[in-house]
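Student: The residues making up each chain are set out below.
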Amino acid sequence: MRRLDLLTGLVTTVVGALAFWDANGLAMFGDSHVPGPGFFPKILSGLLTALGLTLAGMALRERDEPAADDEAGTDEAGPTRGGRVRAFAVLVAFGVIAPLVAVVGYVPAMVLLVLVVLYGIERRRDFRSFVAALLIPVATYMLFAHAFSIPLPNGPLLPA
Amino acid sequence: MNALENLIEGLGSALTPQNLMWVLIGVTLGTVVGILPGLGNPAAVLAVLLPLTLKLPPTTGLIMMAGLYHGAKFAGSTTAILLNIPTETSSVVLCYDGHQLARQGRAGPAMGMSAISGFIASTLGVIALTFLAPIIAKFAVAFGPPEFAALMVFGLLLVITVTGKSPIKGFISMTVGLLLSTVGVDLFSGTQRFTFGNINLFDGVEFLVLTLGMFAVAEVLVNVEQVRGKSLLTIPKGIRNLLPTMQDLKECRGAIAQGSITGFLVGSVPGGGSTIASFVAYTLQKNMSRRPEKFGKGAMEGVAAPEAANNSEVGGAMVPLLSLGLPGSASTSVMLAALLLFGIQPGPRLFETNPEIVWPVIASLYLGNFALIVLNLPMIPIWVRLLKIPYWVLYPCILVLSVVGAYSVRGSMFDIYMLIFFSALGYGFRKLSIPPTPLLMAFVLGPQAENAIRQSLILSDNDLLIFVERPISAIVLGLAAIVVVLAIYTRRKPGGRMPTKSDIDPEPLLPTEPQPRKVNTQP
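Chains A and B are the protein sequences, given in the same order.
FYI, the numbering used here numbers position 86 of the first sequence as 86, with every residue one higher than the one before it.
FYI, the numbering used here numbers position 201 of the second sequence as 201, with every residue one higher than the one before it.
Next up, chain A with everything else stripped away, as it sits in the complex (with noise of 0.2 Å):
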C-alpha cells in the first residue's frame, strides 16, 4: 500500500507539472487585472503538483510505521491474479475492439468484443454465449438506431 502511494503521489505530481507547463501559455490576469482564462488552471495545476508531492512525502514517512489502519486478524479477501488478468484482459479487448466501430461498423464490432469476452476471457464457448453476441449488439442497434433514430455507424459490411 505505501509504495502504491508513493507511486501514485509521483504520477500526480508529474501530470500536475505537467498541465502547468501546458497552461502557461494561458493569461493568469487578463486586461483590467481580471482573472484570464489561466487563472483557474494554473491554480488547480499547482494545486494537483502540491498534493501529489505531499501523498509521496506521506508515503515515505510512514513505510516504516506500522499501518496504522490495519486491523489485526481482518480477514480481507482481494482479487486474485487470475481475477486481474481477467479484467486487464477485458480492458484490453474493450480499448482495442471498440475503435474498431469506425472501421467495420457499429454491429460486426460489438459482436466481435462479446465474442471476445464471452470465448476468449470467460471461456464460455456454448450456444448460449454465441447467441448474446450475437443479439446484445443487433437488440442496441435496433433500439438507438431505429426506435431513437441516433444514427450508428453500419461499415461496409451493413447497408446504409
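Just so you know, these hints were derived from the structure itself, not from any lab.
You may find that some hints are simply not true.
Restraint-style ranges between C-beta atoms, simulated for each label pair [to be verified]:
hint, chain 1, residue 1, chain 2, residue 2, range
1, B, Gly428, A, Thr54, 49 to 55 Å
2, A, Ser32, B, Asn200, 45 to 51 Å
3, A, Val85, B, Pro17, 55 to 61 Å
4, A, Arg81, B, Val374, 24 to 30 Å
5, B, Phe414, A, Ile43, 57 to 63 Å
6, A, Asn24, B, Leu187, 17 to 23 Å
7, B, Phe414, A, His33, 18 to 24 Å
8, A, Asn24, B, Leu479, 44 to 50 Å
9, B, Asn200, A, Thr54, 19 to 25 Å
10, B, Ile382, A, Gly82, 45 to 51 Å
Lysine-lysine pairs mimicking DSSO-like chemistry, simulated, CA-CA at most 30 Å apart [what the hints assert, rightly or not]:
hint, chain 1, residue 1, chain 2, residue 2
11, B, Lys294, A, Lys42
12, B, Lys431, B, Lys165
13, B, Lys294, B, Lys431
14, B, Lys297, B, Lys250
15, A, Lys42, B, Lys165
16, B, Lys250, B, Lys294
Covered by chain A, per the in silico footprint, the following chain B stretches (three or more residues, Cβ under 8 Å) [as the list claims (entries may be wrong)]:
hint, stretch
17, 170 to 177
18, 188 to 196
C-beta atoms are modelled at their ideal positions from N, C-alpha and C, and glycine is treated no differently.
Chain A is already provided as a structure; the job is to place chain B on it using the hints.
Tutor: Positioned in the frame of chain A, the structure of chain B alone reads:
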C-alpha cells in the same frame, strides 16, 4: 382565488382519464428510456421525447412531460443503486449508500426508499411552491454571481466530508475533476485550454463519456476481477425484503424532511440544480447523524436525504421558471422550451395571464410523482430480479451500451476513445484507492464555480471581500465552514472513527475461497 383553491382546481383539470393515462405513459417511457446510458439524463429524456408531447394539447403535453421527468429520475436512481452506474448527475450520491445497500441484499428497500422519500419530498415541494413561490422568487432574484460562487464553493468543500479514509486522495480526485472541467474553450476569452488543438475538445469533456468510463466500465472491470459465474449481488428473498421496513421509514423521517427543505431551497436558485441539492442534502445528513460512520457503508438515510432533495428540487426549480422565466436546471430549461413552443410566456404575470396552464402544470408535478410510486413500487421486485442475471451476460451488455451511449452523444468516434481513456483511468483510480465520485462532482460543479468566481471578481475589481460583504454569500460560506469543521471533528472523535482499510476497494462479491463477508466500502 387563493393559491390553495387554484391548486385544487389545477388538480381537477389534471385528473382527467386522458391526462392520467398520459402521465402513466410518461412515467413508463421516462423510466425505460432513462435506464439507457446516453439517454439517462432527465433533460436528455425530455429532449428526445419532447416531440411526442407536442402532439398533445398543452396541458396534457406538460403533464406527460412531468411523468417523463419523474420516470427518468427514478431510472437514474435504479441504475445507481443496482449497478453503481449513475446515468445522471443527481444520482451520483446514491452510489455511496444505495449500491452498498444493494450489496447487502437490500436493493429493494433502497429503491423503495428512493421512491417513497421522493414522493414525500415532491409533495412537500409542490406545497411549498404553491404558497411560497412569490417569496422565494424574491430570494432567487437576489442571487448574483458571488452568491452562486459561494454555493459552488460550498458544494466543492463538502467533498471533504465524503472522501472516505484518505482525504488527500479525495482532494486529488476533486482537483483532477476541476482540471478536467477547464478543458475546452474559455467562455470569457475564447482561449483554448488543454485542447491540444483537437477540435473535439473545444466543447470540453462530455459528462456522459466520463461517467460511463469512470463508473460503468471501471465498475465492470472491478467486478470481473472478483465475480466468476454468479449473479452480481445477493438477491433478497421474500416480499418483506423487497421494500423498506417501518423501522427504515422511522429512521429516515428526519433525513426526508431535511432533504426536502434543502432540495427546494437549492432548486429555487437559478442554476442550483438537483446535483448540488442531492449532494448538499447527503452531506448535511451525514454531519447531523448520530452515526456518521454508517454513511458510505449502507445507511438508508444516505438514500433518503439525497433522493428527497432530488425530488423537492423540482418544485423549487419551478419557482424561477414560472415566476421569472428563468430555468433553474437543465430539465426546466427543456420545460421552458416546451412552454414557449406551446405559446406560453413564463414570467411574473404568468400566474395571472395563464392560471389554467400554470396550476395544472404544478399539479402535474405531483401527479407524475404519484404515478411513479404507483407504477414503480410494484415493479421493484422486477428490477431487483435483474440482479439474477448472471454477470457474464450482464457485463457485456454494459460494455456494449457504454460504447453506444458514448457514441450517441455527438456521433463522434473521439468520444469512444475518451471512453476507453476514462475506463482505464477509473480502473486505475479503483486500484489506487482513489475515490472517483469527488472527481465527478467537481467536474460537474467546476464550470459553474469558475464562471461565478470570475464574474464576482470582475464585479468587485478582484476584491475577494465581495464574498463576505454580501449577506447571502457570507451566510453560505459560513455554513460551509461550519460543515467542514463538523466533518473534521467527526472524523477525529472516537465514535466517528474512519472506516478501516480498503474502504475504497469494493469487497469481493463472491470470493473464490470461503472467506468471511465484510461490509462493503465507499465507491
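Student: Each hint needs a verdict: does it hold in this structure or not?
Tutor: Do the hints match the structure? See the list:
no.	hint	in the structure
1	B:Gly428 to A:Thr54: 49 to 55 Å	19 Å, violated
2	A:Ser32 to B:Asn200: 45 to 51 Å	33 Å, violated
3	A:Val85 to B:Pro17: 55 to 61 Å	59 Å, holds
4	A:Arg81 to B:Val374: 24 to 30 Å	50 Å, violated
5	B:Phe414 to A:Ile43: 57 to 63 Å	28 Å, violated
6	A:Asn24 to B:Leu187: 17 to 23 Å	21 Å, holds
7	B:Phe414 to A:His33: 18 to 24 Å	37 Å, violated
8	A:Asn24 to B:Leu479: 44 to 50 Å	37 Å, violated
9	B:Asn200 to A:Thr54: 19 to 25 Å	34 Å, violated
10	B:Ile382 to A:Gly82: 45 to 51 Å	34 Å, violated
11	B:Lys294 to A:Lys42	37 Å, violated
12	B:Lys431 to B:Lys165	15 Å, holds
13	B:Lys294 to B:Lys431	23 Å, holds
14	B:Lys297 to B:Lys250	19 Å, holds
15	A:Lys42 to B:Lys165	28 Å, holds
16	B:Lys250 to B:Lys294	17 Å, holds
17	170 to 177	holds (count 4)
18	188 to 196	holds (count 5)
Checked against the numbered hints given earlier, the structure breaks hints 1, 2, 4, 5, 7, 8, 9, 10 and 11 and satisfies all the rest.
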